[in-house]
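> What follows is the residue order along each chain.
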Amino acid sequence: MIPEIGQFSLILALSLAIAQTVIPLVGAHRGDAAMMGVARTAATGQFLFVAVAFACLTYAFLADDFSVLYVANHSQLSLPTLYKVSAVWGAHEGSLLLWIFVLAAWTLAVALFSSGLPAAFSARVIGVLGFLSVGFLLFAILTSNPFDRLVPAAVDGGDLNPLLQDPGLAIHPPLLYIGYVGFSVAFAFAIAAMISGELDRKWAKWTRPWTTVAWLFLTLGIALGSWWAYYELGWGGWWFWDAVENASFMPWLIGTALIHSLAVTEKRGLFTSWTLLLAITAFSLSLLGTFLVRSGIIVSVHAFATDPTRGFFILTFLAIVVIGALILYAWRAPALDSDVGFGLLSRETFLLLNNVLLVIATALVLIGTLAPLVVEMASGGKISIGPPWFNVAFLVPMIPLVILLGMGMHTAWRTQNAASWWRVLRIPAIVAVVLGVLIPLFVYGRISLLLVVGCASAAWIVISSLIQPVRSLWRKKGTAGITRSALGMSVAHLGMGLFVLGVTVVSAFGVESDQALSPGESIEVAGFEFHMVGLDNVQGPNFSAIEAEIEVRSDGEFIATIRPQKRQYLVQRSPMTEAGIRAGLDKDLFVALGDQLGNNTWSVRVQYKPLIRFIWLGALVMALGGLIAISDRRYRSKAREKAGDAVDAAEATA
Amino acid sequence: MNRFVWPLVAVLALLVFLVMGLRHGDPRALPSPFIGKPAPEFELPTLNNPEVSIGTKTLAGDYALVNVWATWCVMCRAEHPFLLELAANKTIPIYGINWRDSRPEAIRWLNDLGDPYLASAYDEDGRVGIDWGVYGAPETFLVDPEGTVIYKHLGPLDPVIWQREFAPRIAGGGPGQ
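So the protein lines, in turn, are chains A and B. The first sequence lines up with residues 1 to 654 when you count with our numbering. The second sequence lines up with residues 1001 to 1177 when you count with our numbering.
Worth flagging that the hints you see were computed from the coordinates, not collected in a lab. Remember, predicted model here, so these are calculated numbers, not experimental data. We put the beta carbon where it would ideally sit given N, CA and C, even for glycine. Worth double-checking, as some hints may not be accurate.
Unchecked claim - If the Cβ cut is set under 10 Å, some of the chain A residues that face chain B in the computed set are:
id : residue
1  : Asp-242
2  : Thr-281
3  : Phe-291
4  : Phe-312
5  : Val-322
6  : Leu-326
7  : Tyr-329
8  : Trp-331
9  : Pro-334
10 : Leu-336
11 : Val-340
12 : Leu-344
13 : Ala-371
14 : Ser-513
Unchecked claim - Partial selection, computed: residues in chain A whose CB lies under 10 Å from chain B:
id : residue
15 : Val-26
16 : Asp-200
17 : Phe-240
18 : Trp-241
19 : Leu-315
20 : Pro-372
21 : Gly-594
Generate coordinates for the entire structure from the input sequences, incorporating the hints supplied.
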C-alpha cells in the first residue's frame, strides 16, 4: 500500500508541477497577479508530494519491503540501517527521485526567499523551475518508476553494491545533487530575465547568492566523492578523470566561471550576455552529465543504467531545455551590448581571463570525456583515453589561471595604477618564488621545474589571499574593514592555494609500493617501517573480513597501528578492499591488502601520501569561502535592500 | 547571422552527435591501415622483467592476440575475465602491451586479477602504441603466423565478438569453428 501512495504522490506532484509551470508563466505574461500567486502555492504543494514519495521509498527500504523491485535489487535484511537509507539513492530510479526531491526543495527555497523580487520575475523563475520538474517527473514516472512491484515478492534482497556501503558515499550524492541541481536556479533566473528583458545589474545581484550556494555544495560533493575514491577503491588515487567525475566537474568549472562573471555583471554592468550564457551552460552541463551517466553511452566505474530508452528521454529533454534557452539567448543577447569601458590593467580584465581559462579547461574535459564516443562511433568499441591525456591537457589552462588569480585579487575595478599595483604585489611575488624553491628542496629534498611552479603558485595564492584580511585585522582589530563578500573571496582563494599545494606535493613525492608481507615480517617504504603483527578474522553485519594488524615505526619510534581489511560481502560475494589509513595533515600512511599469496602471506600496497589532506581541506576551505560570501548583509533581507544598494554604490565607486 | 546564435549552432551539433552515439548499434568494420600489413616492428622490455625484451619476432609462428591494456582503463577490467578464459582454454597465445601505465600498478593488477598474457610488453611512453595506431585502451589485434595483422578490435572483447570476428579468422582453430 505504501509504495502505491508513493507512486500516486509522484503523479500528483507532476500535475502540480504542470500547474506551477503554466499558470505563473501565463500570469506573468498577462500581468495577472492572481495567476502569478499560484507559483508559490503550486511549488509548495509539489514539494510536499515529492517529499511524500521520497518518504514512501525510504519507508519501503527501512521496512525491507522486497515486494518493491527496486528495494529487492538494492537492499538486504542484514544491511545496516544507515545504508538502508542511503540505498534509496544507491541506483538509478532512487537517485532520480532524489534529484527530483532536491529540485523541488530548491524551488521551495526560491518561493520562500524571493518575496523581495518583483512578482512577475519570481513567478517566471518558479515557472521555469516547474518546467524542469515536469521533465524529470515524467522521466521517473514513464521510464524509471522506483515503486514497481515484484510479484512474487523476494524473500531477501540482492544487497546494496558493497562499494556504496560507506558513510562517505551515503552523503556524497545528496551534496552533489544539491550543487548540481542548484544551478537550475541560476538557469531559471537567466531565463526569467531574458523573457522579461530586464537584464540589469539587479538580475546579477539576485542570482549571485543562489549560484554561490549551489557551487559550495557541489564543491563539497565532489571533494567527498574524491575522498571516498581514495580510501574505498583501494587504489590510493584521488581523481581518475572518470566520465562520471567529469560530469560533475564540468558544471563546477563553469559554475566557478559564472560566480566570477556575475561579480563583474553586478558591480559594473558588464559581460551581461556572457554571464547569461554561462548560467545556461552550467545547468546544461548538469543535464549533460545526467545524460552521460544514465544512458550508458559512456562507460564508467559508476555505470548507472544502460537503457537507451532512458538515454533518449533525457536527450530529448536536454534538447528542449537547451535549445529553448539558446533561442531565447540569440534573441535577447544582441540588445545587451554595453558601452561601459575598462582599462587594460583592471579587475575586469583579470576576471575575463579567469572566464576564458575556465571555459578552455571545461572544453578540454568535455573533449576528453566525449572522445571515446567519437572513436566508438567510428569503430564500435568502448575505449578510454585515460588520465595521461587529462593530466597534461588540464595543466595548460590551470597554471596561468592560478598565477593570474593572485594578481586579479589586488587589482581595482575600471583601471589600476600600475605602480601602486606593483608595490602591493612585488613582495608576495618574491616570497612566493622563494618558497616555491625552498619547500620542495628543504622539506622534501628534491626539485624540478614543475615542482617550483606548483609550490610557488600555491604560496602565491595563499599569500595574496591573506594580504587583505590580515591588513584589515591589523588596522581595525576586527573584520569591520572588509566586507563578507571580500573575505569570502579571500578564504575561497586560500582554499585554492592549499589545494594546489596538496596536489603538487602528493603527485611529486607520494610513494607507492606493492610487496609481499607475512606476520612477523617488516617492509620499509619512504623511510617508514611497516611491521605486520598478525592477521585476524573479523565479522561485520553483512560481511566477513580478514584484518591485518600493521605497526608503523619511524627510526624505531612507534607511530601508529593500521588495520586494513579484505572484506567478503555475503550476498554479492564480492571481495572489497578496506584500506587502513593513518591520516595526518602532513601525510597519510595508507595500507591496503591485495591478494593472498600464500598461507599467511599477503600482497600489500603501502603508500606514503604527503599533504594529500590538503586536497580536500582546500576544497573545504573553498566551500567555507562561499558560505562567508553569501552571509554578506547585502543578500540577507529585502528590508535592507536599500542599505545594500548604498554599499554597492560605495564599493563600485571605491 | 548574429554572433549570439553560435552557441545554439554548437549545441545542435553536439546533440546530433549524441543522438548518433545513442543510436549507434552494430559495430562496423574498422578500416585500419594496419590490417593485411605486417605487424609494426617493436622491441620492448617485458612488464615483469625489464631485462627481458619481447617484440615482433616473439609473435611469429602462430596466431596470436596482441591486447593493449592499462590499469587506468575501466573497460580493460571488464574484458579481463574473458581474456583469462581464453588463456585458460589455451585458445590462442595472448600478448599484452601495457600502454602508458606505471609498472608497479600494472604488476599489481595482474597479481590481483590474474595474468592471461604469455608476456606483456611495457610501453611506458606509448611510442609503440603510436606505431600500432592505438587510439586508446583496450584494443586487440589478431596477428597470423606470418606476422600479418588480420583484424583489429577496439573496446573490450567478449564471447560474442570473439565468435563473430576472431574465431572465423583463425584457420582450423577457435572454439565452435
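> For every hint, state whether the structure bears it out.
Status of each hint after checking the structure:
Taking 10 Å as the C-beta contact cut-off toward chain B, the hint placing Asp-242 of chain A at the interface holds, the least distance being around 7 Å. The beta carbon of Thr-281 of chain A comes within 8 Å of a beta carbon in chain B, closer than 10 Å, and the hint placing it at the interface holds. The restraint placing Phe-291 of chain A at the interface with chain B holds, with a minimum CB-CB distance near 7 Å, inside the 10 Å limit. This hint holds: Phe-312 of chain A has a C-beta 6 Å from the nearest C-beta of chain B, less than the 10 Å allowed.
A distance limit of 10 Å between C-beta atoms decides the matter here; for Val-322 of chain A the minimum to chain B is near 5 Å, and the interface restraint holds. Interface hint status for Leu-326 of chain A: upheld, as the beta-carbon distance to the closest one in chain B is roughly 4 Å, under 10 Å. Checking Tyr-329 of chain A against chain B by beta carbon gives a least distance of about 6 Å; that is within 10 Å, so the hint holds. Nearest Cβ of chain B to the Cβ of Trp-331 of chain A: about 8 Å, under the 10 Å cut. The hint holds.
Checking Pro-334 of chain A against chain B: minimum C-beta separation of about 5 Å stays under 10 Å; hint holds. The closest approach between the C-beta of Leu-336 of chain A and any C-beta of chain B is roughly 9 Å, which is under the 10 Å cut-off, so the hint is satisfied. Evaluation of the Val-340 of chain A hint against chain B yields a violated restraint, the C-beta minimum of about 19 Å exceeding 10 Å. Below 10 Å, beta-carbon pairs count as interface contacts, and Leu-344 of chain A has none with chain B, the closest being about 23 Å; its hint is therefore violated.
Hint on Ala-371 of chain A holds. Least Cβ distance to chain B is approximately 8 Å, under the 10 Å limit. With a cut of 10 Å, the hint placing Ser-513 of chain A at the interface with chain B holds, because the nearest CB-to-CB distance is about 7 Å. A least Cβ separation of about 26 Å between Val-26 of chain A and chain B goes past the 10 Å threshold, and the interface hint is therefore violated. A distance limit of 10 Å between C-beta atoms decides the matter here; for Asp-200 of chain A the minimum to chain B is near 18 Å, and the interface restraint is violated.
Interface hint at Phe-240 of chain A: satisfied, since its Cβ lies 7 Å from the closest Cβ of chain B, which is below the 10 Å cut-off. A least Cβ separation of about 8 Å between Trp-241 of chain A and chain B falls short of the 10 Å threshold, and the interface hint therefore holds. The interface hint given for Leu-315 of chain A holds, since its Cβ lies 6 Å from the closest Cβ of chain B, which is under the 10 Å cut-off. Checking Pro-372 of chain A against chain B by beta carbon gives a least distance of about 6 Å; that is within 10 Å, so the hint holds.
The restraint placing Gly-594 of chain A at the interface with chain B holds, with a minimum CB-CB distance near 6 Å, inside the 10 Å limit.
Taken one by one, the earlier hints fail for this structure at numbers 11, 12, 15 and 16, listed in ascending order.
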